[in-house]
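Peer 1: Given next are the chains, with one letter for each unit.
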Amino acid sequence: NAGVTQTPKFRILKIGQSMTLQCAQDMNHNYMYWYRQDPGMGLKLIYYSVGAGITDKGEVPNGYNVSRSTTEDFPLRLELAAPSQTSVYFCASSQPGSGPNSPLHFGNGTRLTVT
Amino acid sequence: AQKVTQAQTEISVVEKEDVTLDCVYETRDTTYYLFWYKQPPSGELVFLIRRNSFDEQNEISGRYSWNFQKSTSSFNFTITASQVVDSAVYFCALSGVPYSSASKIIFGSGTRLSIRP
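Going line by line, the protein sequences match chains A and B. If you're matching positions, the first sequence starts at 1223 in my numbering and goes up one per residue. If you're matching positions, the second sequence starts at 1017 in my numbering and goes up one per residue.
Just chain A, with the same shape it has in the complex (with noise of 0.2 Å):
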């Protein structure tokens, strides 16, 4: 049971370059979430999903896209990258409703950086 993947664990970008940050949860759970969190600060809500097929948007989306084909992968998008999108991006999923502490289950996070 691996819990929540995401690859790549590190990665630099020029700007303008595109790039996808996979994120894949074996515990078939409904819901999963993108985060970013900048040096010294806390974690913003960038997209989220419910259900396959289902997202919608956090706090921080722009410039980025994402889609929910299957309940397993919830890949995060950066089609022109900036700057401002260097950061620690964290995937996380969970289970509303499988008990009364069903928490986030977070990946390990992949650390980016745009020159």
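None of these hints come from the bench; they were simulated from the model. Do not rely on the hints blindly, as some may be mistaken.
[To be verified] Short, incomplete list of chain A residues facing chain B, as computed with Cβ under 10 Å: (1) 1265; (2) 1310; (3) 1314; (4) 1328; (5) 1333.
[Unchecked claim] Here are the computed distance ranges between Cβ atoms for each label pair: (6) A:1292 x B:1047: 27 to 33 Å; (7) A:1249 x B:1071: 20 to 26 Å; (8) A:1279 x B:1100: 39 to 45 Å; (9) B:1100 x A:1295: 35 to 41 Å.
All C-beta atoms in this analysis are idealised placements derived from N, C-alpha and C, irrespective of residue type, glycine included.
Got chain A sorted already, so can you dock chain B onto it with the hints?
Peer 2: Then chain B, alone, in the frame of chain A:
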């Protein structure tokens, strides 16, 4: 709109002292959930506790305790007899009713706790 405020940016105490981390939230929902997460220096995020808005009982787990007060919209976290291993960034978070438009989980900006030996 939902909002979580952790006014304490950094706290530093000497080992064995008690320390309380404050969390104040804003929501228009009548049903909501509050969380605390720990992020140690290694960077991963560790779930500590979840409470729903209908359960105001305080909870104790070993050296950790949580005080939920709806009247003041606060969900404070106390570590008793702190240890160096408690050094981490602690995040408070808020979510609305699952399977609704308010189901997103919003985090506070975190409190960096340093425990000095």
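Peer 1: For each hint, tell me whether it holds in the structure or not.
Peer 2: Each hint, compared with the structure:
no. : hint                        : verdict
1   : 1265                        : 4 Å, holds
2   : 1310                        : 7 Å, holds
3   : 1314                        : 8 Å, holds
4   : 1328                        : 4 Å, holds
5   : 1333                        : 9 Å, holds
6   : A:1292 x B:1047: 27 to 33 Å : 29 Å, holds
7   : A:1249 x B:1071: 20 to 26 Å : 25 Å, holds
8   : A:1279 x B:1100: 39 to 45 Å : 40 Å, holds
9   : B:1100 x A:1295: 35 to 41 Å : 39 Å, holds
Comparing the model with each numbered hint stated earlier shows that all of them hold.
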